[in-house]
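Q: Residue numbers (my numbering), protein chains in the order written: chain V, 101 to 254; chain E, 101 to 254; chain D, 101 to 254; chain B, 101 to 254.
It should be emphasised that the hints constitute simulated quantities derived from the structure, not laboratory data. Since the structure is predicted, the reported quantities are computational estimates derived from the model, not experimental observations. Hints may contain errors.
You can't tell identical chains apart in this list, so a pair holds if it fits in one copy or across any two.
[To be verified] Below, computed lysine-lysine pairings styled on DSS-like, alpha-carbon distance capped at 30 Å:
#1 Lys-217 to Lys-180
#2 Lys-221 to Lys-189
#3 Lys-210 to Lys-221
#4 Lys-210 to Lys-129
#5 Lys-180 to Lys-221
#6 Lys-217 to Lys-129
#7 Lys-129 to Lys-221
#8 Lys-129 to Lys-180
#9 Lys-210 to Lys-180
#10 Lys-129 to Lys-189
4 protein chains.
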Amino acid sequence: MTTTFTTTRRIEFHETDLAGIVHFSNFYKYMEQAEHEYFRSLGLSISMHQDDGTIMGWPRVSASSSFEAPAFFEDVVEIKLYVVRVGVKSLNMEFEFFRENLRLARGRMKTVCCTFKRGDKMRSIEIPEEIRSRFVEVDSPLNKPGSGRGNDHA
Amino acid sequence: MTTTFTTTRRIEFHETDLAGIVHFSNFYKYMEQAEHEYFRSLGLSISMHQDDGTIMGWPRVSASSSFEAPAFFEDVVEIKLYVVRVGVKSLNMEFEFFRENLRLARGRMKTVCCTFKRGDKMRSIEIPEEIRSRFVEVDSPLNKPGSGRGNDHA
Amino acid sequence: MTTTFTTTRRIEFHETDLAGIVHFSNFYKYMEQAEHEYFRSLGLSISMHQDDGTIMGWPRVSASSSFEAPAFFEDVVEIKLYVVRVGVKSLNMEFEFFRENLRLARGRMKTVCCTFKRGDKMRSIEIPEEIRSRFVEVDSPLNKPGSGRGNDHA
Amino acid sequence: MTTTFTTTRRIEFHETDLAGIVHFSNFYKYMEQAEHEYFRSLGLSISMHQDDGTIMGWPRVSASSSFEAPAFFEDVVEIKLYVVRVGVKSLNMEFEFFRENLRLARGRMKTVCCTFKRGDKMRSIEIPEEIRSRFVEVDSPLNKPGSGRGNDHA
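For reference, chain V alone in the conformation it holds in the complex:
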């Protein structure tokens, strides 16, 4: 059982901006893409129809990212996802983005388990045990000295 999840993504032309680099707003989409791939790897979906007609989803409570080096068109970026805390209702994930050995960015995202009917208000719920048991907490890679792959990050 692996304790981190890794995926890759090739930078597309429309994701770049006039500075010639990936626009920063895309990194939040990449975090979400990694999260969804991670869920699929566990046999889950980020949007699951329940027996009672409701949908179980995971809206974002917060998301942050810090940027260390730019990503360019056609780069193949490696995204590492770490589940650093499984709360009663929420999930705390951290992310690192790499191009080969260079760390490009780090991120954090907190989501909360909710059920709702289409068009109705979301209601947070305790993460069902059947789902909770699939997540494996790891130590935060962002709080440790010497994190990343050799980046000296204050």
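Starting from the known structure of chain V, fit chains E, D and B onto it as the hints suggest.
A: Chains E, D and B in isolation, oriented as in the chain V frame:
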């Protein structure tokens, strides 16, 4: 009663790409933005809740655009919308994009009037008379010689 | 030597809209993604640095798409690219989008071979023979009766 | 002299997702839009050509957002920008998003003043006095008790 609808939009940084110009995919969003503003100007919305619990919407059947000159960051682009044909169930619109007197692009979009319940299949319907009466057909600006503002366009 | 190019793409959450389907503007990005993958498969890039310090690129002249069935979150969409005409300076491509056997959309895109220095105006050029020789023209799949995979399309 | 900058923005259809709300990644674009409007209001641009042929820009060091209530299609969202610290080379901004009296989200963004030639590496510089003098620091609205407009936020 005006026979065309005009709106403006300032180009945002994230809409540019590494060529230093607006990425072409944004022009389709701009057409939709103009369409929605046009609907609001008629007292309509592109997504209207009906008395019977369904939603009336206007999904796209087709959309095309041709590009004559690039748009740049912070440009204020003028978008002109022309309703060129109100069909039984569909709406044919044409568009011109200008920066001052220079035409940047032209576009066409066909939408169809539909009703649906959330999560269900869309069903095309005849445009209700109460709505149809608000649209005013104009001649296509794209098929006429000397269209635009002096652009010599084959 | 294959005469069409095929790639796939999984629909991401941020590409959907409140109608629960992929927003139509994404299909133009998907066409471009397929074009760029096709170029890479030929040993080319859509943005190539030349010996004389200029960049060779392929700006879009026009792009159109028609929509036959919606695409949904997590769908794996197959994109087929056909080079239907290699002009002196331009490239005409057509596209079909499928989810399994159902055709979702068709598209057309015309690009033109250009060179430019960063920040300068683009200048169209004849496609260099070394590059032209890699493209293989095929018949248009969109103009033929019985095109697609059984869709009866007027 | 006002100590905060306020702008508004109407939510567009393509910014919503299948949950029927604005996709969270758009809030980072909205922060940037507000920042750029703020710069223009000061007679500046986020991308300024210098006398020596370089460009002065403000790449993002980090950006975060937390989400309190969803935004919907056609909502008019008010964005408040606060410059909370003008560093030697960097700018720290905070943001609040409102629909009428309801706070939807809060954000933080740190940018750094850089010069670069197109295609070259960015180099951070001290913010020129002529520019620095235009910014007015205000207290952080996010760290104070009773911030927002009545939201009780831990």
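Q: Of the hints stated earlier, which fail here?
A: 1
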